[in-house]
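Colleague: One-letter residues, chain by chain:
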Amino acid sequence: MSATTRTPTTPESRTTSTSARLLGDRRLPVLVTAGLFLVMYIAGLSRYQNYGFGEPQVFLNLFIDNSYLLVAAVGATFVIMSGGIDLSVGSVIGFTTMLTAWLVQDVGLPLLVVVPISLSVGAFGGFLMGYVIHNFEIQPFIVTLAGLFLFRGLCLVISKESIAISDSAVSSLAETRISLGVGDLSIGAVVALVVLGVAFYVLHYTRFGRRVYAIGGNEQSALLMGLPLGGTKIAVYTMSGFCSALAGLLFMLYIQSGDPLHAVGMELDAIAAVVIGGTLLTGGSGYVLGTLFGVLVLGLIKSIIQFEGTLSSWWTKIATGVLLCAFILVQRAMTARKAT
Amino acid sequence: MAEPQPVLEMTGIVKEFPGVRALSGVDFRLFPGEIHALMGENGAGKSTLIKVLTGVHTLDGGTITLDGKPVRIGSPLQAQQAGISTVYQEVNLCPNLSVAENIFIGREPTRAGRIQWKRMRSEAAKLVDRLGLDVDVTAPLSAYPLAVQQLVAIVRSVGTGDSDGEGSGTKVLVLDEPTSSLDRDEVLELFRLMRQLRDEGVAILFVSHFLDQIYEVCDRMTVLRNGALVGEHMVRDLDQVGLIELMIGKALDQLEELHDQQLHADVGEPLLKAEGLGRTGGVAPFDLEIKKGEVVGLAGLLGSGRTELARLLFGADQPDSGKLTVGGEAVSMSAPNDAIGAGIAFCSENRKTEGLVPDLTVRENIILALQAARGWTRPIPASQRDELVAKYIAALDIRPANPEARVGQLSGGNQQKVLLARWLITQPKLLILDEPTRGIDIGAKTEIQKLVVSLSEDGMSVLYIAAELEEVLRLSHTIGVLRDRKLVAQLTNGPEITTSKILETIASGEHQ
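Protein sequences appear in the order of chains F and Y. Each residue of the first sequence is one higher than the one before, counting from 1 in my numbering. Each residue of the second sequence is one higher than the one before, counting from 1001 in my numbering.
The following block holds chain Y by itself, in its conformation from the complex (with noise of 0.2 Å):
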């Protein structure tokens, strides 16, 4: 079968930014009537490359073809003219308008300069329809729950292109990570409207974390690897082993080595002591001691009490009940300052907006909770400042190694690991990671996950938290299971203890 003419062709695309080379003369090609799967690493480009081709950042070299038609992308609203649409991972459309209003913003039907209000409903509704959602388009958009706001995103951009509501003018549609935040029944909706519209002769472009759903939905697939093409696959030529090798460029053993690691390892003394700790509204009271060295990991539902338990122990929240020693001495937890103090510390999940500050470099960002602890009148000598930053950039293989880049510019897997060793550079004694490994790639997961491990050989204890109970299963000496904002069980890990035990004790709720 002759292989049909590529609706989009990138040709040898560059993309630098001030000290990285994000994108080394990478090649992509996209055919219509596919659903086409971007993959790659963290840092490897693929957010580069989308932006390149969405008209966000200008490319620095190559060509690209629309059509056969060499094009110029220079900015979001002539990639739409040009027919390619994007959705992006954080839903970008205006919660205060109406839903109709968020499909056919700037290209309102208007007579004589008067936006008519009635067929541009009943349109919307009409392409609503089409698609199989039932949304009611006269509501404001801020009354769905964000896994309709993204289903209607992409009926904005489906509809985005053609001018009197007919057909579909979009010739390309991007998808950049649009199920972070999806539940599986959310994301089955979402498969259904982008198979509809593969049918219907559009070029789907799709990145996601999720290999299952990438194998699921996808019938093509371009790798990419440290800003350049490592190749191109049809899905169903190569399995998810293969492909994990390709993205990270090594096999991947390590992950079950971990596990055999920690099941064998000692633990020492005990370190933190919580008796009847808790908060009204937060966690109910709980017991917990985790000993020197020992990783303690937090399983439960999303809501069910997790992040709340952390932050009691680190005093962002204060406790009306219970007591907490830290080494034999009680500790009075009213500030996030006194459990720094004594050798707490704690990666908030929000790594954007609670930890790091996209605007200052690596090296500010690094040294941030350092300098906390020191006090602000006593600057860190420039020379050991320095030395201690390279030493952990070197440590956490962050990328790009140079401690002047802005993190904003980081990846997200990097960014993490900025966040970790500002945390790591105090040298605490107990470590806590709240969903470390959430939004970011298999293998910065796995760096992240024999970090923690190795930080607990050395005497570190740790308090992990994740959504996804095999990282907690592999790594932790004890399970605590949370449910609905209590601590339920505490599980002793161990050959017998799998998942699915972790999730019969979430469902039940009891000690076993």
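Okay, chain F solo, but in the shape it has when bound (with noise of 0.2 Å):
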């Protein structure tokens, strides 16, 4: 009954309003995520320690490993946090690959060039996507699909053959190694950990941190509280286009060649990561360490498979497949919780 539903003056309101809080605390989802990574890891340190799966180094492995992916979904995050979708993530990824190999290799640009290139590029497309999304009110899946295919396509355009890397620039930077003490991280690992740490202030710390959320949480409502909402839209998957470009730095050095099938389908890794680490793909709610932590997730379950020797890689497959529908059913559970 509507009489019951609200005291605002007695002090029960408080006290409701937090155990309400405590029972949908949104950081919930990352802790969950958070906490399957430590026990994933210790699982595997109890199973694998006579083959060194407690070294420091496996655990910084994880990053060095992933950090295109890392800051691939980092970019990914964004997006959806708004409420939209970025299927162009590895066809922006291959491209750049394809774009620096070629640049580098074959037209001999120096790679302090070839970096802002690559990286203006990937940019320049995500905008391009978000000011179609925006302006033509498009649905983002079928713009960044029509993007995905696009840079696919540019891919076949630079050469058929995948382009090995021999520049002494990249294979330096490739084999730069920050000591930690206790082990090493790679350039790209730096990189990514710097690009979470970025993301995690502009989206607590700034007015257009606050704007995507609140777009991901209510567009509409968004839109009659005065916020600019075509601007943030497209401000963000610009971000995901230069994040997806920057990955594909990464994923070169991490590879050191170019090739039109560098990352096919990683969009979707990116996906994976960002729903595992709690964010909702409604929109509106999520952490960036969520995601950096459904990365983590994702990365160990290569690890544990790598060390188990036996199982085919396609495991992991299925594993994150078991995985994101466990969390898809948890965040299910949780927006329905949050309408009763």
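In short, the hints are calculated from the structure, not lab data. Some hints here could point you the wrong way.
[What the hints assert, rightly or not] Okay, the calculated bits of chain Y under chain F, using three or more residues with CB under 8 Å as the criterion:
1. 1089-1101
2. 1104-1115
3. 1239-1247
[Claimed, not checked] Derived DEER-like restraints, expressed as beta-carbon distance ranges:
4. Y:Gly1113 to F:Arg332: 32 to 38 Å
5. F:Gly231 to Y:Pro1358: 38 to 44 Å
6. Y:Gln1490 to F:Arg332: 39 to 45 Å
7. F:Leu156 to Y:Gly1375: 46 to 52 Å
8. F:Tyr201 to Y:Pro1358: 55 to 61 Å
9. F:His204 to Y:Gln1490: 57 to 63 Å
10. Y:Pro1358 to F:Thr176: 58 to 64 Å
The beta carbon of each residue, even a glycine, is placed where N, CA and C say it ideally should be.
Two chains, two frames, a set of hints: combine them into the complex.
Modeller: Set out below in structure tokens:
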């Protein structure tokens, strides 16, 4: 009955709001993912301790081997948080590896010039998609699907063959290790962590970041509250394009080649990491730190399967599928409780 | 006493939609420190006028001056920057953000681009305290019920426009049907806030369908009819009857006549019989008989099982006990299709989400159920279809009388009529109306009630569900009273039945 639903002037309202907050705490999914990571890591330790699973470097390798995925997933976090989706991530990564490999190897431009070019191309691609999504009011799914095909096709315009990179600047950069005492991190891993930190700051301490949350929470409300909807959405896709291009550069550093078939389907890995990290696919709720744990969980699955030795690498996909399914169900349960 | 300078003046406002002239030369003025009611039937142009003022629609003619200076308002953001804030019927805030953020988003206090969370929270708490609300500003908005969210929306709009968080930058506050989903205590809280803001010099434009509320809180009113200005009056100079006459342009004894008519009407053979019909978690098993041409009203509080009972009869929920016969034949109600086949039609209470397709035209919406009843393989011939549609548009007086208008652009009352037309066209034996008059104005309410009476005279049975007991009492031959998901009494309407008698039955939960 509506008469009993609210009593803002009585003391109970504070207690109910506190308990409701504990139950519906938005940090819960992130903590669940972090807990899952911890459990998996401990399980790995107990099972493979004789094979060196406990080495700090194995842990640090999670960051090194997944640096590009982390950067791409951070971009995807912004998009998903705003209620959208970006399917062009993998293609932009693939295209960036091709573009940089071609510019460095065949054209002979120095890496210092190539990097800003590649990043601008990715950001511009994201800007275009965001512009179309906002101004023509088209579903992000369709627009970024077009982006997926476009960038994958453009790879083949550059070359049908893969381009190996033998540039000394690239290989020395790729081999540079930053020592942490107990182990090393690659340049790529450091860049990815910096991106993560910047993203965290932007989401929580800038007006732009809060607008992303607001738009994801309720786009119509955000508009009526006088928030600049178009600018924010376009900026979100531009950022995602930028992150994809940066991920492409890290991927190129990691693999040291450009290939038209690099990173096929990586947008789905990125989306999976974001969702496992606790961000709602409907937008408005989530944390970029959750995305970090999502990426780490996916990376850990790969490591464990490598340590197992006998398992096919396809088990990575199967485990990811099961996890994703479980997390979507958890999300559903959480939103259903909120609705009641 | 000389009249002060109006803070807002709208002159000769014209707004046209494809095929509709929503506003034709409306004048409107608003003085600082007053609560001003905008009155009119649905479709009179209230919403359009507000949307022009708040920048949602661009105007096609006329001028707006604010503080004596002409302004152009092209977007909600520009309206807010000019000092015009709006709180809409549906709360337009972000439930996923905290109360403090909802109040401040878009103008958070920052230093070197960094949001100062502490300062934002303390300023939000100050603002909330000043307006006398007890809300924890760090809690997510979704932790609070709708009524509190509405108050937060007002706090936000009052705070909007001031860069330093001190005082109020809002000159004009527009409240568009803020009370439609609030209970009495919540309404009083809202009124307290409105009076406080008025005393601080804010000009408040208030829209409500509840006339009592207008008389309780407003100082002045402007009446619109059919997109044109009827007049501006001080509330104390115009009584309710006079106001209603202005709004609908005719006297209103008709409702009383309806009641007499129904009390003296005869009903026919039994049409529908439910025996021990029930559903766990829905409604406890009940017996109900509806005769041909009878209007059965369902009374009960919100959540007492009125809608659930109707959904059982329509097959939208499956019963787990009991049986249902229509016209002497047992029917298995496993899906609404069976019910439609048995001649039952159901107008749901959520006309927006469960009934109408806003992007389709009036014609397409009206024809939908008939087409479904015929099956998709047998299209209705175009000439027959157009004739039917034209007939029902005329019969129900749907405005605008344009079968090609998009339903989403119609006012609430006219949308309800389109929904009714859709089911009437299938010529059902039993029409279930769930809250058909909610959220529509008094003129449309009267028309719909008149329609129910004339349908019943023509031999159609009606199951009428409404929160307003007066309506149920006025129209029904038999009144079913529900309490705690149980049909506790069935009263035969007569001169001795009154709303207080029904209320007693609801309260005591017994046959009397």
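Colleague: Determine for every hint whether it applies to the structure shown.
Modeller: To see whether the hints hold, each was checked on the structure:
1. 1089-1101: holds (count 8)
2. 1104-1115: Holds: 7 residues of the segment 1104-1115 of chain Y have a Cβ under 8 Å from chain F.
3. 1239-1247: Coverage by chain F is violated for the segment 1239-1247 of chain Y (0 residues, Cβ < 8 Å).
4. Y:Gly1113 to F:Arg332: 32 to 38 Å: At roughly 37 Å between Cβ atoms, Arg332 of chain F and Gly1113 of chain Y fall inside 32 to 38 Å, so the hint holds.
5. F:Gly231 to Y:Pro1358: 38 to 44 Å: violated (28 Å)
6. Y:Gln1490 to F:Arg332: 39 to 45 Å: holds (41 Å)
7. F:Leu156 to Y:Gly1375: 46 to 52 Å: holds (50 Å)
8. F:Tyr201 to Y:Pro1358: 55 to 61 Å: This hint is violated: roughly 41 Å between Cβ atoms.
9. F:His204 to Y:Gln1490: 57 to 63 Å: Distance hint for His204 of chain F, Gln1490 of chain Y holds at roughly 59 Å.
10. Y:Pro1358 to F:Thr176: 58 to 64 Å: holds (59 Å)
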